[in-house]
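Enquirer: Sequence:
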Amino acid sequence: MTSQSNTHRQVLVIGASSAIAKALIDTLLDDETVSHIYGVSGQAQTIKHYRYTAIQTDYCEQNIKKITSDLKELPGYFSDVFICNGVLHSDQFMPEKKLEDINQNQLSQLLTSNTVIPMLWIQHLM
Numbered sequence: 001m002t003s004q005s006n007t008h009r010q011v012l013v014i015g016a017s018s019a020i021a022k023a024l025i026d027t028l029l030d031d032e033t034v035s036h037i038y039g040v041s042g043q044a045q046t047i048k049h050y051r052y053t054a055i056q057t058d059y060c061e062q063n064i065k066k067i068t069s070d071l072k073e074l075p076g077y078f079s080d081v082f083i084c085n086g087v088l089h090s091d092q093f094m095p096e097k098k099l100e101d102i103n104q105n106q107l108s109q110l111l112t113s114n115t116v117i118p119m120l121w122i123q124h125l126m
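With the working numbering applied, the sequence shown covers 1 to 126.
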C-alpha cells in the first residue's frame, strides 16, 4: 500500500462484529479524517455505510493470507489496525477462577482465538 495523507486515513478492524468493535466503528465513522474502514468478522455484519466495507471470513490462516494480500493491493495504507476478536467465555464455558476449572480443550480454544489468530493477522499484514 502506498502512502496517504493523515486526513484520509484507512482503518482495519478485525473482529468487527464484537460489541467493542461496533462501538469503535461508530466512533471512526464520525471521524471525518477516516476515509474508509474495512471490518473483518467471522459473522455477518449489519453496518451499512458508504465508508465501510464488511469482509466475512472463518479466520483460518489461508483466508487471513488471502484477505491481507487483497488489502495490500489497495491504494494507500492502513493508518490504524484494531484487533477486537477474542473470547472471554462462551455458552460452553466461563472464565476459569481456580486451577481445578482449567480444561485443556477450552484453554486451547482460548489461546487460539485470543493469541494465535491475532498474531497471524499481524504476521500477514507486515
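Calculated from the structure, these hints are not laboratory results. Where a beta carbon is used, it is the ideal one built from N, C-alpha and C, also for glycine. Heads up, some of the hints might be wrong.
[Claimed, not checked] No more than 27 Å apart at the CA atoms, straight line, and that leaves these computed lysine-lysine pairs for BS3-like:
id: 1; residue 1: Lys98; residue 2: Lys72
id: 2; residue 1: Lys98; residue 2: Lys65
id: 3; residue 1: Lys66; residue 2: Lys97
id: 4; residue 1: Lys98; residue 2: Lys66
id: 5; residue 1: Lys65; residue 2: Lys48
id: 6; residue 1: Lys22; residue 2: Lys72
id: 7; residue 1: Lys66; residue 2: Lys48
[Stated by the list, open to error] Using C-beta positions, here's what the derived DEER-type ranges look like:
id: 8; residue 1: Ser35; residue 2: Ser69; range: 17 to 23 Å
id: 9; residue 1: Lys66; residue 2: Asp26; range: 35 to 41 Å
id: 10; residue 1: Lys97; residue 2: Asp30; range: 35 to 41 Å
id: 11; residue 1: Glu100; residue 2: Thr46; range: 19 to 25 Å
id: 12; residue 1: Met119; residue 2: Ile20; range: 17 to 23 Å
id: 13; residue 1: Thr53; residue 2: Leu107; range: 32 to 38 Å
Enquirer: For every hint, state whether the structure bears it out.
Expert: To see whether the hints hold, each was checked on the structure:
Our distance criterion of 27 Å between C-alpha atoms is broken by lysine 98 and lysine 72, whose separation comes to about 44 Å. Of the pairs offered as hints, the one joining lysine 98 and lysine 65 is violated, with about 37 Å between alpha carbons and a cut-off of 27 Å exceeded. Distance hint between lysine 66 and lysine 97 is unfulfilled; the C-alpha atoms sit about 38 Å from each other, more than 27 Å. In summary, the hint linking lysine 98 to lysine 66 is not supported, as the alpha carbons are separated by about 40 Å, beyond the 27 Å threshold.
Note on lysine 65 and lysine 48: the hinted pairing holds, with a Cα-Cα distance of about 25 Å set against a maximum of 27 Å. Only pairs whose Cα atoms come within 27 Å are accepted, and lysine 22 paired with lysine 72 is accepted, the gap being roughly 24 Å. For a cut-off of 27 Å, the pair hint linking lysine 66 to lysine 48 stands: about 24 Å separates their Cα positions. One distance hint, 17 to 23 Å for the beta-carbon pair serine 35 and serine 69, holds here, with the actual separation near 21 Å.
Roughly 28 Å separates the CB atoms of lysine 66 and aspartate 26, a value that falls outside the hinted 35 to 41 Å. Evaluation of the 35 to 41 Å hint for lysine 97 and aspartate 30 yields a pass: the beta carbon distance comes to about 38 Å. Distance hint for glutamate 100 and threonine 46: a CB-CB separation of about 40 Å, inconsistent with the stated range 19 to 25 Å. In this structure, methionine 119 and isoleucine 20 meet the distance hint of 17 to 23 Å, their C-beta atoms being roughly 19 Å apart.
About 34 Å separates the C-beta atoms of threonine 53 and leucine 107, a value consistent with the hinted range of 32 to 38 Å.
Checked against the numbered hints given earlier, this structure breaks hints 1, 2, 3, 4, 9 and 11; the rest are met.
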